[in-house]
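Colleague: Listed below, chain by chain, are the residues.
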Amino acid sequence: MIDAFSILWSDLTALKRRWPRYLLTTLMSPLLYLMAFGWGLGRGIDMNGTSYLDFVIPGIIALTAMTTSFNGAGTRLNVDRLYFKSFDECLMAPVELPSILLGKALIGVVRGILSSVAFLLVAFLIARHIHITLPFVLGLLLSCLTFAFLGVLAALLARSHEDMATFGSLILMPMTFLGGTFFSVSQVPFGLKMALYALPLTHSSLFLRAAALDQPLPWSSFLVLFLFFLLFLGGGMMALRRMSV
Amino acid sequence: MSSMIEISGLKKEYSRKKVVDNLNLEVGRGELFGFLGPNGAGKTTTIRILTTLTKPSSGRVFINGIDVAKDPSRVKSEFGVVQQHLSLNRDLTIGENLELHARLHHLQSRERKERIAELLDYVGLSDHSDQLIDSVSGGMKRRAMIARALIHRPKLLFLDEPTVGLDAQTRRRVWDLIRRMNLEGSTVFLTTHYIEEAEALCQRVGILHHGRLMALGSPLELRQRLGMVAVEMQGEACGTTYRYFPDRSSASRFIQDLPGSERVVMRESNLEDVFIELTGEKVMGD
Numbered sequence: 001m002i003d004a005f006s007i008l009w010s011d012l013t014a015l016k017r018r019w020p021r022y023l024l025t026t027l028m029s030p031l032l033y034l035m036a037f038g039w040g041l042g043r044g045i046d047m048n049g050t051s052y053l054d055f056v057i058p059g060i061i062a063l064t065a066m067t068t069s070f071n072g073a074g075t076r077l078n079v080d081r082l083y084f085k086s087f088d089e090c091l092m093a094p095v096e097l098p099s100i101l102l103g104k105a106l107i108g109v110v111r112g113i114l115s116s117v118a119f120l121l122v123a124f125l126i127a128r129h130i131h132i133t134l135p136f137v138l139g140l141l142l143s144c145l146t147f148a149f150l151g152v153l154a155a156l157l158a159r160s161h162e163d164m165a166t167f168g169s170l171i172l173m174p175m176t177f178l179g180g181t182f183f184s185v186s187q188v189p190f191g192l193k194m195a196l197y198a199l200p201l202t203h204s205s206l207f208l209r210a211a212a213l214d215q216p217l218p219w220s221s222f223l224v225l226f227l228f229f230l231l232f233l234g235g236g237m238m239a240l241r242r243m244s245v
Numbered sequence: 246m247s248s249m250i251e252i253s254g255l256k257k258e259y260s261r262k263k264v265v266d267n268l269n270l271e272v273g274r275g276e277l278f279g280f281l282g283p284n285g286a287g288k289t290t291t292i293r294i295l296t297t298l299t300k301p302s303s304g305r306v307f308i309n310g311i312d313v314a315k316d317p318s319r320v321k322s323e324f325g326v327v328q329q330h331l332s333l334n335r336d337l338t339i340g341e342n343l344e345l346h347a348r349l350h351h352l353q354s355r356e357r358k359e360r361i362a363e364l365l366d367y368v369g370l371s372d373h374s375d376q377l378i379d380s381v382s383g384g385m386k387r388r389a390m391i392a393r394a395l396i397h398r399p400k401l402l403f404l405d406e407p408t409v410g411l412d413a414q415t416r417r418r419v420w421d422l423i424r425r426m427n428l429e430g431s432t433v434f435l436t437t438h439y440i441e442e443a444e445a446l447c448q449r450v451g452i453l454h455h456g457r458l459m460a461l462g463s464p465l466e467l468r469q470r471l472g473m474v475a476v477e478m479q480g481e482a483c484g485t486t487y488r489y490f491p492d493r494s495s496a497s498r499f500i501q502d503l504p505g506s507e508r509v510v511m512r513e514s515n516l517e518d519v520f521i522e523l524t525g526e527k528v529m530g531d
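Keeping their order, the protein sequence lines are chains A and B.
By my numbering, the letter at position 91 of the first sequence is numbered 91, and the numbering carries on one by one without gaps.
By my numbering, the letter at position 12 of the second sequence is numbered 257, and the numbering carries on one by one without gaps.
Do not rely on the hints blindly, as some may be mistaken.
Claimed, not checked - Derived lysine to any residue pairs resembling SDA-like cross-links, with alpha carbons at most 20 Å apart:
1) B:Lys358 / A:Phe5
2) A:Lys85 / B:Gly340
3) A:Lys85 / B:Lys358
4) A:Lys85 / B:Leu331
5) A:Lys85 / B:Leu377
6) B:Lys300 / A:Ala239
7) B:Lys315 / A:Met237
8) A:Lys85 / B:Ser332
9) B:Lys315 / A:Met243
10) A:Lys85 / B:Gly410
11) B:Lys300 / A:Leu91
12) B:Lys400 / A:Gly191
13) A:Lys85 / B:Gly285
14) A:Lys16 / B:Asp379
15) B:Lys315 / A:Leu91
16) B:Lys300 / A:Lys16
17) B:Lys256 / A:Arg242
18) B:Lys300 / A:Met238
19) A:Lys16 / B:Asp375
20) B:Lys315 / A:Lys85
21) A:Lys16 / B:Arg335
22) A:Lys16 / B:Leu377
23) A:Lys85 / B:Lys400
24) B:Lys300 / A:Arg241
25) A:Lys16 / B:Ser380
26) A:Lys16 / B:Gln376
27) A:Lys85 / B:Gly384
28) B:Lys256 / A:Pro94
29) B:Lys358 / A:Arg242
30) B:Lys358 / A:Thr13
31) A:Lys16 / B:Lys256
Hints listed in this document are in silico derivations from the structure and should not be mistaken for laboratory results.
All chains should be built: construct the whole structure from the sequences, respecting the hints.
Modeller: Written out as structure tokens, the structure reads:
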């Protein structure tokens, strides 16, 4: 376990050197979504007694957790593994594979939480009914863990940098717009609704929204998200085992 | 057991192409051994198998008596590796790269600091510890990689093309480091496609071609088997041809009997000659 933190230490040391630039770049997308959908398209829309701005902010936090955790862990690992080859140094060190997997995922979790908290601080200035509760923190942490391990899995399976870009276009991009971030999943037709419930971001959005708006908590979504976390963790472990002796 | 490395029947195939073909080899403790061969000969694949990065198709490898396939975790503490490509973390300084490696090899905080300072001094980088990797020269990066590989005091050091891309002066400096490490007791296994590097450094050389070990012995033994003196004959009809002789007097007698139309050069043979005779190709390619 301590080896995972050694791997995290190196990534944190690198992050410390450029955190202002990192925060600025990762906040750009959620702030643009907030302006375009929250203030622009959604102004005046009422979502069952909740303003659209209050409705969309938890969804954008889920989205931010997804993209920054995925990229923070996955893109970096992909470059380290295929371009710089520095990942080989971890594989040749006397470190257990689960520690390597966790170490590489943890930087995604840290980046996801940093970006989500930074966005929340901005959102607090304009949204009046967002509450930070223990379930919200748990939901955010689980979301970051789930998507960080998805990033690690994708990076371990990718055979080129293009593979990572393809994964982003085919999986992350549709999830961004269909994962219950900008609209209520309950309003779509049954068949599509079932498809949307198969996306981890949908459950992340549902749980974080309910927790932030003090609504009854959908624990089933928390459980499904946890199952996705286990699936990506197991997949990552299998991929890592396959590539090492 | 006296061997540091024991390889038997090692094979590696990619899409039915044999990259390492039935390799059998022993490297003794304290030896400075070199694999000589052109790019694509299977040198790096062999090192990747020995260092647990690649699974062999078949065969067995023991390092310091430990089966690499059965106990990879244990064997990883036995060796240090300097890879051919720059595998340092470019977001970290030289010192931080060493620190990460020391942490992964479970050195305690105090020991880490002492060992890093000692190794930076050893490779002449004490004044550059706080510099980011991208801001230092290629030679410094290579020396930083050597320092990193030594941090956990490995008994065996793998160097994959350790001087590729370095200028002549820096190359000599790295050679001095390699000799020093070997004199201090480390077994060194290096790969190179530079003839002069194999001749200058290695006590024994294995010549690898298309994954097969073509010859094995000290540079002197390999040259003696071929002939210590080479005669190059540059004719107009069939280009340059070579003949090898055990000594200068027999080479001289041969030259005296040649027709005068050919341009003839007599010189000492080298490992390049050995390689060409064995494979029909040049080590560096055409």
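Colleague: Are any of the numbered hints broken by this structure? If so, which, sorted upward?
Modeller: Failing hints, ascending: 3, 12, 16, 20, 23, 28, 29, 31.
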